[in-house]
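Between the sequences and the hints, there should be enough to build the whole structure, so can you do that?
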Amino acid sequence: MNKICHITTVHPRYDIRIFYKECSSLAKKYDVSLIVADGLKNENNNNVNIIDIGLRQKSRLKRMFIDSKKAFNKAKALNCDVYHFHDPELIFIGLKLKKLGKKVIYDVHEDIPKQVGNRKAIPFFLRPLVSFIIEKIENKLSSRLNAITTSTPYIKNRLNKFNDNVITVKNYPIISEFQKNEWQNKRNNICYVGAITKDRGIFELLESFNYQDNRLILAGTFDNSNIENECKNHINWNKINYKGFVNRKEISEILHESKAGIVTLLPIVNYLDSLPIKMFEYMAAGIPVIASNFPLWKEIIEKNNYGICVDPTNPKEIANAINKLLKDDELAEEMGENGRKIIEEKYNWENEGKKLINLYSKLFTKN
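Heads up: the sequence shown begins at 44 in our numbering, then just goes up one per residue.
Derived by calculation from the structure, the hints in this document are not laboratory data. Among the hints, a few may not be true.
List of simulated lysine-lysine pairs, DSS-like, C-alpha gap at most 25 Å [claimed, not checked]:
1. K145 to K183
2. K139 to K71
3. K213 to K398
4. K145 to K117
5. K141 to K183
6. K389 to K370
7. K341 to K384
8. K119 to K46
9. K141 to K163
10. K183 to K72
11. K142 to K46
Given below as structure tokens:
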């Protein structure tokens with residue numbers, strides 16, 4: 044049986060894209076290992092051999108040298124046929140594995156040059172230059188790898204100029220994880236599930252409760268303690284039912300009882316061409332989406348009547364959309380049904396995952 048090794052020193056071992064979708068799908072056909080850095084020890088789950096190299100280093104610089112070296116040594120010892128890495132700082136160990144005669148795939152989850160160009164830790168006047176340099180390095184090094192998988196068509200179009208084996212594998216939901224609930228059994232709540240950060244619009248969402256008298260189920264972890272304290276001291280925090288970190292089963296239960304899902308990310312450059320998994324998970328659960336009015340998102344959501352797009356910087360507009368859906372069950376249910384239908388037909392992992400399986404099949408048949 045062909046052996047595959049996925050590697051990440053940044054993501055959690057049960058990352059949705061890496062473990063639940065990619066590794067678990069591949070494990071039905073191949074011998075799959077996943078190298079992680081979380082200090083939670085080795086285990087086998089879903090026929091995936093999870094190998095822990097110890098607690099990850101806190102700084103990116105240390106991860107690049109210490110964790111990358113540990114990951115490379117472990118990966119080399121496994122002697123797999125294909126290596127598939129998920130973090131940009133691992134690109135150099137990917138090249139080392141390629142020199143050993145292995146086939147190597149780079150999984151690009153985010154548009155790194157855009158992300159770097161938006162980092163507040165970098166002085167504003169230096170951001171364009173740093174972004175330019177990062178893009179040149181990523182483009183050049185990516186050209187030496189066997190294949191690249193990207194999460195969005197935008198990233199694929201950029202890297203396709205430097206590597207002729209690039210495919211887009213979108214983060215569509217696994218249908219079986221989300222069951223529809225009869226509308227009359229739902230509570231009159233909205234929900235937000237995901238990372239709680241300033242850029243993802245948490246403060247605009249809290250401010251929107253100045254113009255509505257509804258309840259929000261909030262699930263996820265705060266970006267840092269400052270944001271957590273600011274949120275919990277907000278005048279509208281008493282309208283929030285905060286669940287903290289939740290597992291996959293609990294996410295499904297939250298969506299099961301809610302009447303709409305929120306994904307009002309702010310218009311940060313890196314978000315404009317993104318396809319957030321939560322947007323599609325809300326649709327899979329059969330609830331309408333209230334999303335940012337980015338052109339790409341509007342093309343998906345409003346054109347097909349899956350929900351309402353709003354200006355994510357305008358709390359009153361967010362509140363109006365929430366009020367509209369919670370006061371009109373017929374409209375909300377119709378939008379939810381539309382979303383669920385297209386997930387079943389098109390936007391699902393069961394279909395999307397076939398692209399990944401086909402990529403591996405081609406790599407294994409090539410000499």
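Consistency of the hints with the structure:
1. In summary, the hint linking K145 to K183 is supported, as the alpha carbons are separated by about 19 Å, within the 25 Å threshold.
2. For the suggested pair K139 and K71, the alpha carbons sit about 28 Å apart, so the restraint of at most 25 Å is broken.
3. A C-alpha spacing of about 10 Å is found between K213 and K398, which places the hinted pair at or below 25 Å, so the restraint holds.
4. Restraint check: the Cα-Cα separation between K145 and K117 comes to about 14 Å, which is no more than 25 Å; the hinted pair holds.
5. This hinted pair checks out: K141 and K183 have alpha carbons roughly 15 Å apart, not beyond 25 Å.
6. Between the alpha carbons of K389 and K370 the distance comes to roughly 30 Å, so the proposed pair goes past 25 Å and is violated.
7. Using a Cα cut-off of 25 Å, the hinted pair K341 and K384 holds, with the two alpha carbons roughly 18 Å apart.
8. Taking the CA atoms of K119 and K46, the gap is near 12 Å; set against the 25 Å cutoff, the hint holds.
9. Note on K141 and K163: the hinted pairing is violated, with a Cα-Cα distance of about 35 Å set against a maximum of 25 Å.
10. Proposed proximity of K183 and K72 is contradicted: the alpha carbons are some 32 Å apart, above 25 Å.
11. For the hint linking K142 to K46, the alpha-carbon distance of about 18 Å falls within 25 Å, and the restraint holds.
The earlier numbered hints that this structure contradicts are 2, 6, 9 and 10.
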